[in-house]
Amino acid sequence: MSTKPTPRVRVPAQAKKDEIIEIKTLISHEMESGQRKDAAGATIPRKIIKSFEAKFNGKPVFSAEWHPSISANPYQAFFFKAAESGEFQFTWTDDDGSLYESKNKLTVA
Amino acid sequence: MNLIRYGGYKMDSLKGLDSLDETPSRRLVLTAFTVAAVAAAMAPHMALATPAAVEAELKKLLGERKPLEGKIKLDLPAIAENGLVVPLNFDVESPMTEADHVKAVHFFADANPLPGIASFRFSPQAGRASASTRIRLAATQNIICVAEMSDGKVHMARQEVKVTIGGCGG
Chain A
1 MSTKPTPRVR VPAQAKKDEI IEIKTLISHE MESGQRKDAA GATIPRKIIK SFEAKFNGKP
61 VFSAEWHPSI SANPYQAFFF KAAESGEFQF TWTDDDGSLY ESKNKLTVA
Chain B
1001 MNLIRYGGYK MDSLKGLDSL DETPSRRLVL TAFTVAAVAA AMAPHMALAT PAAVEAELKK
1061 LLGERKPLEG KIKLDLPAIA ENGLVVPLNF DVESPMTEAD HVKAVHFFAD ANPLPGIASF
1121 RFSPQAGRAS ASTRIRLAAT QNIICVAEMS DGKVHMARQE VKVTIGGCGG
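Residue numbers (the numbering used here), protein chains in the order written: chain A, 1 to 109; chain B, 1001 to 1170.
Hints were generated in silico from the structure; no laboratory data involved. Be aware that a few hints might be false.
With a straight-line cut-off of 25 Å between C-alpha atoms, the simulated SDA-like cross-links for lysine to any residue are [unchecked claim]:
id, chain 1, residue 1, chain 2, residue 2
1, B, K1071, A, I20
2, A, K59, B, A1099
3, A, K50, B, K1059
4, A, K24, B, P1087
5, B, K1059, A, S63
6, B, K1060, B, D1151
7, B, K1103, A, E22
8, B, K1162, A, G34
9, B, K1060, A, G34
10, A, K50, B, L1062
11, B, K1153, A, P60
12, B, K1073, A, S63
13, B, K1103, B, L1062
14, A, K50, B, M1156
15, A, K55, B, D1100
16, A, K55, B, D1091
17, A, K16, B, P1124
18, A, K37, B, T1050
19, A, K55, B, A1104
Per the computed footprint, the stretches of chain A lying under chain B, defined by three or more beta-carbons under 8 Å from a beta-carbon of chain B, are [to be verified]:
id, region
20, 50 to 61
21, 71 to 81
Every residue, glycine too, gets a C-beta built ideally from N, C-alpha and C.
Isolated chain A (complex conformation):
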């Protein structure tokens, strides 16, 4: 465990009305599965990001529940139908209760 997880999000700045846009997210996190053992044979405790949620103007759009078989530095891409301008709020929830957040604006022309 080292640095604080840093989310990276790619949202197009602009979209046409009713255009379906793709949103790509990535967060640095080692996603320790709880299955590995250290050199002494002791189990390394599980520590993963267990969920991800995307909201737009406060309304849920997409969410994911992740298990330990999600790779380190979890990548998540999904779609959104642009209806109005507003702001995305992305939240990642860690096993230890920490929340990592990112906010991104979208302008619908």
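Using the hints provided, position chain B relative to the given structure of chain A.
Then chain B, alone, in the frame of chain A:
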């Protein structure tokens, strides 16, 4: 991984440690660590899920519902060279309206340490019931996908992925 296990067993026999009170598998694994510390990151210490464990999960999810074929397009490599990072992409056919949309998509693996991989939930605002992520696969196995529709119907698809280097949770 069988090589490491076997190597550990042979060493034990030579030392006459067969009567240790630990269960054999645990003892073999511990020995494997001392013999092959380098291989520790990929050591065969985990019990893998079985198709039966996945069936149990599916039963819990589906209840009495019978899964239908079709509608799910899975995009997974036929052969994954690195089990630690296997791209997973799916697309479920749906108009994604309030009345008719995909509510959730669940993924299971039948030879990972745990049967569940991930669950994705959609609102109609998503516009498309499709997503991509990256997963870990410990060995060659089947990926099972279950899509729950807003009308209560369930669709299921499965695909085998051959894994050349297992992503043993590390």
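Cross-check of the supplied hints:
| no. | hint | verdict |
| --- | --- | --- |
| 1 | K1071/B / I20/A | holds, 19 Å |
| 2 | K59/A / A1099/B | holds, 18 Å |
| 3 | K50/A / K1059/B | holds, 23 Å |
| 4 | K24/A / P1087/B | holds, 14 Å |
| 5 | K1059/B / S63/A | holds, 23 Å |
| 6 | K1060/B / D1151/B | holds, 19 Å |
| 7 | K1103/B / E22/A | holds, 18 Å |
| 8 | K1162/B / G34/A | holds, 24 Å |
| 9 | K1060/B / G34/A | holds, 24 Å |
| 10 | K50/A / L1062/B | holds, 23 Å |
| 11 | K1153/B / P60/A | holds, 22 Å |
| 12 | K1073/B / S63/A | holds, 20 Å |
| 13 | K1103/B / L1062/B | holds, 14 Å |
| 14 | K50/A / M1156/B | holds, 24 Å |
| 15 | K55/A / D1100/B | holds, 20 Å |
| 16 | K55/A / D1091/B | holds, 21 Å |
| 17 | K16/A / P1124/B | holds, 18 Å |
| 18 | K37/A / T1050/B | holds, 21 Å |
| 19 | K55/A / A1104/B | holds, 16 Å |
| 20 | 50 to 61 | holds (count 4) |
| 21 | 71 to 81 | holds (count 10) |
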